[in-house]
Structure formats: C-alpha cells, structure tokens
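Engineer: In case you want the letters, here they are:
2 protein chains.
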Amino acid sequence: MKAVVLCSGLATRMGGTIKPLIKVAGREIIYRTLKILQDNGVDEFIIIANKINKNALTKFLEENGFKFKIVVNEQPERGSGYSFYLSKDFVNGRFVLIMGDHIFEEDFIRNALKLDGLICDCDSKFVNVEEATKVLVKNGRVTDIGKHLNNFTCIDTGFFILTKDIFTIAEKLIKEKKVVELSEIIKEAKVNVNTLNGYFWMDIDTPEDVKRAKKIIVRKSVKKGEDGFISRHLNRKISPLISEKLIDRIDPIHATIMSFLVGILSSLVVFYSIPLSGIIYQISSILDGVDGEIARAAMKTSKTGGWLDSTLDRYVDFLFLTCLAVNSLVNYEWILALFAIFGSFMISYTTERYRAEFKESFYKRHRPVVFGKRDERIFLIMLFCLLSPWVDIFYLFVVIAIVTNLRVVESILRVILLKR
Amino acid sequence: MKAVVLCSGLATRMGGTIKPLIKVAGREIIYRTLKILQDNGVDEFIIIANKINKNALTKFLEENGFKFKIVVNEQPERGSGYSFYLSKDFVNGRFVLIMGDHIFEEDFIRNALKLDGLICDCDSKFVNVEEATKVLVKNGRVTDIGKHLNNFTCIDTGFFILTKDIFTIAEKLIKEKKVVELSEIIKEAKVNVNTLNGYFWMDIDTPEDVKRAKKIIVRKSVKKGEDGFISRHLNRKISPLISEKLIDRIDPIHATIMSFLVGILSSLVVFYSIPLSGIIYQISSILDGVDGEIARAAMKTSKTGGWLDSTLDRYVDFLFLTCLAVNSLVNYEWILALFAIFGSFMISYTTERYRAEFKESFYKRHRPVVFGKRDERIFLIMLFCLLSPWVDIFYLFVVIAIVTNLRVVESILRVILLKR
Numbered sequence: 001m002k003a004v005v006l007c008s009g010l011a012t013r014m015g016g017t018i019k020p021l022i023k024v025a026g027r028e029i030i031y032r033t034l035k036i037l038q039d040n041g042v043d044e045f046i047i048i049a050n051k052i053n054k055n056a057l058t059k060f061l062e063e064n065g066f067k068f069k070i071v072v073n074e075q076p077e078r079g080s081g082y083s084f085y086l087s088k089d090f091v092n093g094r095f096v097l098i099m100g101d102h103i104f105e106e107d108f109i110r111n112a113l114k115l116d117g118l119i120c121d122c123d124s125k126f127v128n129v130e131e132a133t134k135v136l137v138k139n140g141r142v143t144d145i146g147k148h149l150n151n152f153t154c155i156d157t158g159f160f161i162l163t164k165d166i167f168t169i170a171e172k173l174i175k176e177k178k179v180v181e182l183s184e185i186i187k188e189a190k191v192n193v194n195t196l197n198g199y200f201w202m203d204i205d206t207p208e209d210v211k212r213a214k215k216i217i218v219r220k221s222v223k224k225g226e227d228g229f230i231s232r233h234l235n236r237k238i239s240p241l242i243s244e245k246l247i248d249r250i251d252p253i254h255a256t257i258m259s260f261l262v263g264i265l266s267s268l269v270v271f272y273s274i275p276l277s278g279i280i281y282q283i284s285s286i287l288d289g290v291d292g293e294i295a296r297a298a299m300k301t302s303k304t305g306g307w308l309d310s311t312l313d314r315y316v317d318f319l320f321l322t323c324l325a326v327n328s329l330v331n332y333e334w335i336l337a338l339f340a341i342f343g344s345f346m347i348s349y350t351t352e353r354y355r356a357e358f359k360e361s362f363y364k365r366h367r368p369v370v371f372g373k374r375d376e377r378i379f380l381i382m383l384f385c386l387l388s389p390w391v392d393i394f395y396l397f398v399v400i401a402i403v404t405n406l407r408v409v410e411s412i413l414r415v416i417l418l419k420r
Numbered sequence: 001m002k003a004v005v006l007c008s009g010l011a012t013r014m015g016g017t018i019k020p021l022i023k024v025a026g027r028e029i030i031y032r033t034l035k036i037l038q039d040n041g042v043d044e045f046i047i048i049a050n051k052i053n054k055n056a057l058t059k060f061l062e063e064n065g066f067k068f069k070i071v072v073n074e075q076p077e078r079g080s081g082y083s084f085y086l087s088k089d090f091v092n093g094r095f096v097l098i099m100g101d102h103i104f105e106e107d108f109i110r111n112a113l114k115l116d117g118l119i120c121d122c123d124s125k126f127v128n129v130e131e132a133t134k135v136l137v138k139n140g141r142v143t144d145i146g147k148h149l150n151n152f153t154c155i156d157t158g159f160f161i162l163t164k165d166i167f168t169i170a171e172k173l174i175k176e177k178k179v180v181e182l183s184e185i186i187k188e189a190k191v192n193v194n195t196l197n198g199y200f201w202m203d204i205d206t207p208e209d210v211k212r213a214k215k216i217i218v219r220k221s222v223k224k225g226e227d228g229f230i231s232r233h234l235n236r237k238i239s240p241l242i243s244e245k246l247i248d249r250i251d252p253i254h255a256t257i258m259s260f261l262v263g264i265l266s267s268l269v270v271f272y273s274i275p276l277s278g279i280i281y282q283i284s285s286i287l288d289g290v291d292g293e294i295a296r297a298a299m300k301t302s303k304t305g306g307w308l309d310s311t312l313d314r315y316v317d318f319l320f321l322t323c324l325a326v327n328s329l330v331n332y333e334w335i336l337a338l339f340a341i342f343g344s345f346m347i348s349y350t351t352e353r354y355r356a357e358f359k360e361s362f363y364k365r366h367r368p369v370v371f372g373k374r375d376e377r378i379f380l381i382m383l384f385c386l387l388s389p390w391v392d393i394f395y396l397f398v399v400i401a402i403v404t405n406l407r408v409v410e411s412i413l414r415v416i417l418l419k420r
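If you read the protein sequences in the order shown, they are chains A and B. Read in this note's numbering, the first sequence has 68 at position 68, and its numbers run on one by one without any break. Read in this note's numbering, the second sequence has 212 at position 212, and its numbers run on one by one without any break.
Calculated directly from the structure, the hints in this document are not laboratory data. Heads up, some of the hints might be wrong.
A pair counts as met if it fits within one copy or between any two copies, since identical chains are not told apart.
Unchecked claim - As a list, the in silico DMTMM-like pairs of lysine to aspartate or glutamate whose alpha-carbon atoms are at most 25 Å apart:
no., residue 1, residue 2
1, 303, 226
2, 419, 248
3, 35, 244
4, 51, 62
5, 419, 62
6, 138, 227
7, 359, 313
8, 125, 62
9, 300, 360
10, 172, 62
11, 373, 188
12, 223, 376
13, 134, 62
14, 419, 313
15, 223, 360
16, 359, 226
17, 419, 251
18, 114, 39
19, 364, 74
20, 373, 313
21, 300, 248
22, 215, 171
23, 67, 123
For reference, chain A alone in the conformation it holds in the complex:
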C-alpha cells in the first residue's frame, strides 16, 4: 500500500519553517507519521512538496531510509486539491492520503488502516474545534465539509483511505476552476466516512500547537503496567515534567547516564549525610523514569538502552546498600546486608527470568501482595535515611532483608501454584 503525503503548504503561521520537519517531542512531524505507517505495512510514500521545501524533504527522507517519490507542486497557490491531484499517476488501488503537518498516535493509524474513506473523530479531545475542519455526514457519506459549518457530525482528522476513482472527480474540478481545495473534492465525491473516536491526533499550525502536542505525547509515553505504588503516585507525577523539559535537548541514553550518576552520587553522600543521601537516591529513582519516557515519546526506544538501564539500576542499588552497610553496620550485622542485597536482586532477577522464559511480563499475570519493587524499596530506604538521626539504620536492613525475601518467596509460590 502507498501513502500520499501533502507537504506543499506554506507554513505561514510557523514563521516560514518547513512544517513537516519541525520536531515535536524530539521527532520531526513527518517522521512520526511515516514511521508508524511503514511499521504497519505502507511501503512507499508519494510526497507532494513545493519548490522551497523539496530539497530539505528529500534529504531528510533519504537519511531516514524511507522509500519515497517527491512530486513538486509548481503552483501551490492552486490549492490543496490541486496538490493532491498531482499524485494521480503514482498510486494504484487503495491508498492512504494524509497531511504532512498532522500527528497521529500509533493506535489511531493502526485502526484507521483497517477502515476506508475519510476518517473522522466524533469525540476529539485534543483538537481546537474552532479551528478544525468539520464534516456533515448523511447516510455514511460526506454531505458538507469546511471550517465554518454550524451543523456538523464530526471532525475531519486529515486521514483518508481512498481508491483511484477519486481522481476522476478531482480532474473534473481542476478543469473547471483555478483553485481547488481538497475539501471540495471530498465533498463532490461524497466520500464515505468512518469514525475513530478519542485517539490523539492534531494538526500543527502554530508554535503553541507544538508545545501542546509535546506535552500530550510525553504524558502518553508514561509506561503504566509495571509501575509500583510509589512510581504511580509520586515518581510518575514528576518525571514527565522533567522529560518535557529535556526531550528536545537530549537522547534517552543521556537520561540513563544522568540517573545512574545521580544514583552513584547518592551512594557517596552516605558518608557525608545519610538523610541527604536518601533524598538524592529518591531523586535518582524519579530520574530513572525519564529515559524511558523520552525514548517512547521521541520514538527512539532501543533494546540496548532498555538493557543498559536495568543493568545500571542494579549497580546503583548495590552500591547504595553497600555504602550504607559500610557506614552503619558493625560486626555480624553485615549478614543482614547480604540478605537485603540478595533479596533486592532476586526481585529483579525472578521477574526478568520469567520474562525471558514466558515471553511476557511477570506482572501481567501476578500481583504480589508484599511490596518490594524498586521504586517502593527506594522510597522506604529514603524514609529510613531521613529518620536516621533517631532510628538505627540497622533496622532498615532488617526490614529490607525480610520484605524483599518474603516477596521473592511469594513470587515463587505464585508461579508454582499457577504453573506459570
């Protein structure tokens, strides 16, 4: 399947920059849509460009390995319908038509590809209805379309699945008039309408739109399923704010290293001030969410990055408990440190070994009642560190050693009893 991408508009409200190449949450608008389409079976892109942006677009698409054809619209003033018409000889059968300045979340595109006609949204949560193109639908087909309809059924998402027939009508209109907008062709062809409601999609018209889209994309990139209690109720309230600030400036690997270094710092601060070290350790736990959020939001996830992040987390956890033990435990108390470190590690080990064996997350099937996930452990450790002027750190090791090992035993029993 091919996709036609209209990029011939002049970005007047964006200060004349090339709109499809504007970075939103760390990735160019056009990259976002094309990458998702490509991952879902679209194998060639017909890019309708103008004389100004054609070179920059060509260079960008080549660098990112997309299979594409550039068609230059020499008369962009003839309207979006005319631009679209230029793709006529490059498509066949069923094809996708999208706007080069629209952003869609992956679930939207995946579902839209199963439908046909104009994809509309009856519950558009993320779009300014005032500015949007509205559609009046009768008997499942477009009856009227435009920005200023008073009576309308739903919002035009700018995502179409069309067939070559549409060009007969396009040609007729283009022969009749000088300026033809895409909406006129759609209305004249009485394109059928399918709805996909409530997904995130937006057209990017102003710098404010860029900011708003970034915020939404970062929030949607917060991974939910596997978070512990502290992560859900504290860490993930703060980390997206940091991710939003950093996403245009750094790559995920930088965030991984930053969180690692803050973790190492917290371990060293143990010898200077235990309460302060506890706070820094908790900060590193919050920062630990940032790399994943940036990676998902900027479509830069990598398996190596995920593996490295987990591995470095284990170093931080080990070093912190070891420094705390060196600083605070005497004589045979250190056996507790062994048990605490062992238990902490076994929580991570058993869940990863499970994922390797069963090819799914441990937490998809199991919800242990004993707490002990990393975010929960770190928060508990911070509490004890803050209380250290009054409560001996020895008791922290007692609690961690007992709780983590109990949790591992619970996990073992669950897996054996459920037989997976």
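For this one, chain A is given, so just place chain B on it according to the hints.
Structural biologist: Coordinates of chain B only, in the frame set by chain A:
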C-alpha cells in the same frame, strides 16, 4: 494432514506387553511420535489396533488429548499390509504412515514431513542393519524390499508419506491372498523413495532396544550451546549417566529439588568441613544438569520448571557464599563477600535481562573472554575449598569479587559496542 499408525502387531519379543505403550526414556513410544507429529501439523491419528491392545491404547490416547480414531484389526494374522488397508476409508489426500513401535527424533520427522513416498536412511547409525528392512532403489523407486536382501540401497525407516492411490494396489493384493505384508504393497506400488540420513530413529523390538534407545535419547538431550567450560568438560560427562539411571523413576521437578537440597547441604557443611563442602557444592552443580536432561529426553520440558531451576540456583549460590563468609571472614573483609555475591548475581541477571529484551540467548552473539558462568564459578570455589587448609578463604572472595565483576563489565561493553 492425518497419520495412520500401525499398532496391530503382537509384541512377541517383548513378553506380550503393548509395545506402543512401553516407556522409553520416560515416555511411551507412541506418545513420542504422535506428539512430534502433532506439533508439526498432523491433526488426526488413525490407530490400527488389535483386540488385545485397543482398550489400553484408547485410554492412553484420550488421557493425553490426542485426536484419534481407533480401527480394530480382527485378523492381525493377515499381516501388516492388511492392517494398513483397514485405514482406507479414514484418510484422504496426502497422509503419513508410521509404525507404532518406531521412535524418531524431532528433526527427522520435521524434515520427513516435507518429503514424500518411503523415507529411507543411507547412513543409519543407530540401527542394527542385520535386523532392518532393506530397500533396493532404482530410478528413485522401490524395486525390492525385505529383511534378507543382499543387494540394497538403503534402510526402510518405517516412515511414509503416501496418497490414497496406494489403496488400489493394496486392495488388489488383499483380494488375491490371505496374508499381505506392508512391504509387498510398497514393492508392488513401486513407491518413490526419499532419503534422510544420519538422524536418530529406531524400531523397538527387544528389551535391549529399549535400553539402547534410552541411552541415545538421554545423550541427545544434553544442551550444548550455553554450557561453560567446566560443564562441557566435566559436568556433562557425568550428568547423562545419572539422568539415564533416574529417567524412568523421577520427574524433572524431583531432579531440580534434589540438586537444590544438595546445594543447601553443601552450604551447611561449610561449618563442619570446608573442603567437603566444596566437593558437595560441585556435586550439586553436576546434578543441576540432570533436571534439564530428563525434561528434554522425556519430553517433559516446562517453562515453570526452567524458571524454578534458575531461581533455586540463585538461592544455593547465595547461601553457599554467605555461609563461607560467615565462617571465614572477619571485620571489614565482608565487603568482599558483598562484591562477590553481587558479581555472581549480575552475571546471571545481565544474561537473563538480555534474553528478555532481545528474545535470544546472550551467548548466541557474545563470547566473553573472562570466565564466570555458574559451572566455572562453582569449580573455582571447590578448588579454593579444597586448598583451604593452606590458602585463606579470604583470597577466594578476592578472586570471585574481581572476576565476576570484570565479566559483567566486559558484557556491558560488548552489548554497548555491538549495540545489542
């Protein structure tokens, strides 16, 4: 695709027991073949039984959830060709024909299903040629077949892929004579021949065959790819001998628990005699291979079993080093124990986390030069334990702490540099 299974023979040389239900290496002969065929797309089995074994076979196949039809041969004395002829109305198109007393390894069956005609073996390593059915092939077709051919091309494996045409010739022969053997039909039909050489397959005729097949199956179940140096050159020389003794008596989970208990015992013996504890720990390492061998040989592998085995290994490793530390380390030396335990765990953790993320074994792509796999660590620990009257155990912790952590750092660098 359907499969016809001839089970109407009377097991005269096996003391009249029901041959397809004889356990070889912990699994019934017929289960082995049917399970592999089922896993490779055969969806129904036509079982030709006799009056004596029909009830036992029905019960067994029902209990194991196979989809099957039983056809009872009331006149088994009319020969194997007559038995086969009874399946006529139950198959269509292309179908498999196998003998109920044959064992085939999975790779043989997987490849045979892609071929057709009589599958022969020109390089039969596992079969007594004296006793085997020989085939003379000309122009790719059976010219002569029988046990007593002097001039022959290859050995009949007892595995056929046939089409319904064969029954025309079978019917003709059965109308002509009272006793018709399968080989007569095959010869008369000039069935085409395909060869698969060197795979393990056997027909089970005598109690000695059962023993021999068991030995071969257990040896073939030794997992090679991920073993460390000590495992390859010591542990895996001994563990198959133990597996062979135990496979008819115990399930894999019992072997897991046995190896775990021996590991726990070795930890406790630390307080009594360190050299002895080292030896017992090494024995537990050898036993650690038995559960997997039994599971694969007896076709009883389970993900839960694999997960539990790894988890219990971590307990044994932790407990042994902890007991050794408690017994031998003083004052601040115990920091070494923390590093040794951490490093040992991180070797396991990083490889499992890798497998969870990349969906393949760490060792498929990486061959770290620093040693440190579990079998290697345990062997080193045993050596130090044996030398403990002369060398302080303190140095064992120094070596383990350094080597394991070096190995983890090497793994991290490898993954980062290779980007996976």
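Engineer: For residue 35 vs residue 244, is the C-alpha pair at or below 25 Å within one copy, between two copies, both, or neither?
Structural biologist: within (22 Å within a copy, 54 Å between copies)
Engineer: Go through the copies and call it for residue 359 and residue 226: within, between, both or neither, with a Cα cutoff of 25 Å.
Structural biologist: Intra 15 Å, inter 19 Å, cutoff 25 Å: intra and inter.
Engineer: Tell me, please, which holds for residue 364 and residue 74 at an alpha-carbon limit of 25 Å: within, between, both or neither?
Structural biologist: So residue 364 and residue 74 fail the 25 Å test inside a copy (54 Å) and across (54 Å) alike.
Engineer: Could you place residue 419 and residue 313 in one of the four classes (within, between, both, neither) given a Cα distance threshold of 25 Å?
Structural biologist: between (30 Å within a copy, 19 Å between copies)
Engineer: Given identical chains, is residue 419 near residue 62, meaning Cα to Cα at most 25 Å, within a copy, between copies, both, or neither?
Structural biologist: between (50 Å within a copy, 23 Å between copies)
Engineer: Please work out whether the CA atoms of residue 359 and residue 313 approach to 25 Å or closer within one copy, between two copies, in both situations, or in neither?
Structural biologist: The answer is both: 22 Å in one copy and 21 Å across copies each meet 25 Å.
Engineer: Using 25 Å as the alpha carbon limit, work out where residue 223 and residue 376 are close: within a copy, between copies, both or neither.
Structural biologist: within (16 Å within a copy, 39 Å between copies)
Engineer: With identical chains, the pair residue 303 and residue 226 could be close in the same copy or across copies; at 25 Å between alpha carbons, which is it: within, between, both, or neither?
Structural biologist: Answer is both: 17 Å inside a copy and 22 Å across each meet the 25 Å cutoff.
Engineer: Classify it for me, residue 300 with residue 360: is the Cα-Cα distance of at most 25 Å met within a copy, between copies, both or neither?
Structural biologist: both (22 Å within a copy, 21 Å between copies)
Engineer: How do residue 125 and residue 62 come out at 25 Å by Cα distance, when the copy is not named: within, between, both, or neither?
Structural biologist: Neither, since 34 Å and 56 Å both go past 25 Å.
Engineer: State whether the alpha carbon distance between residue 419 and residue 251 is at most 25 Å within one copy, between copies, both, or neither.
Structural biologist: Between copies only: 15 Å across chains, 41 Å inside a chain, cut-off 25 Å.
Engineer: Given identical chains, is residue 138 near residue 227, meaning Cα to Cα at most 25 Å, within a copy, between copies, both, or neither?
Structural biologist: The answer is neither: 46 Å in one copy and 68 Å across copies each exceed 25 Å.
Consistency with the previously given hints fails for numbers 6, 8, 10, 11, 13, 19, 22, 23, ordered from lowest to highest.
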